[in-house]
Amino acid sequence: TQLLEQSPQFLSIQEGENLTVYCNSSSVFSSLQWYRQEPGEGPVLLVTVVTGGEVKKLKRLTFQFGDARKDSSLHITAAQPGDTGLYLCAGTSGGYQKVTFGIGTKLQVIP
Amino acid sequence: GAGVSQSPSNKVTEKGKDVELRCDPISGHTALYWYRQSLGQGLEFLIYFQGNSAPDKSGLPSDRFSAERTGGSVSTLTIQRTQQEDSAVYLCASSPGTASLSFSYEQYFGPGTRLTVT
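These protein sequence lines are chains A and B, in that order.
Just so we're aligned, residue 1256 is where the first sequence starts under the numbering used here, counting upward by one.
Just so we're aligned, residue 128 is where the second sequence starts under the numbering used here, counting upward by one.
Everything labelled a hint here was simulated from the structure, so no lab data went into it.
Some hints here could point you the wrong way.
Below, simulated BS3-like cross-link-like pairs (lysine-lysine); rule was C-alpha separation at most 27 Å, straight line [claimed, not checked]:
#, chain 1, residue 1, chain 2, residue 2
1, A, 1325, A, 1311
2, B, 138, A, 1325
3, B, 184, B, 144
4, A, 1325, A, 1361
5, A, 1361, A, 1312
6, B, 138, A, 1361
Just so you know, these numbers come straight off a predicted model, no measurement behind them.
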C-alpha cells in the first residue's frame, strides 16, 4: 500500500509569514499533484510535478519534487488570508490510475 | 463551464434508506473516481472507473456500496440501507485517463454531495 504523509497537519500563521508543507512517502511516484480545497468545495488542482528535482512556481507558491520522486514540498511566501484552505498532495505511479492522496495540511492565515 | 457536476448537492436520509448519488464528468474524460471525505479529514478512495469498467473497487467500505458507469460518462454511487457512519461528503473526480501521459492523472473534482443520515 502506498502512503503519502503530510506535515504539518494543521498550521495557523499571521498574514505575511512564509511557510512550508511537506509530503513524504517511501514509494516512488511518477507524478505528484498538489490541490487546494476550500470549505464546501471540491479540491482544485494547483500543479503537477513529474521530474525528480523539478521546481515549479505559481505566483507566491513554490512546489518542489524530490530528486528520488518520493517527496514534495510546497512553500508559500508572504501568506495571505486567501491562501487559507486544505492543501492535499496526491501521487500516481506506473500505468495504473489509482491516485493516492495525503491526509492534507489545513492552513489558516490570520489577517 | 463544462466542469464536473454532482447531484444532489445535499441529501438528508433516514437510516436504512437507499440513496443514489450522481456524477457527470468532464466530456471526454475516460477516468472517473469516487471519494469520501468525512468532516476535517482527507480523501478516502472508494472506486475508480476506466471507461465503464471498474478495475479497482478496493475502497468500497462494504457490500452496501456499489457504483456503475454507463456510456463512459455518467456514474452513480448507490448506498443501500444507509447507516449514520455513511454521513460524509462524497466527491467525484474525472481525469483525461491517457496512461501514457503523467498529466492524465490530474483530477478535476465536482463540488460534492453532502450526505447526512439521521
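Unsatisfied constraints (hint numbers, rising): Violated: hint 2 alone.
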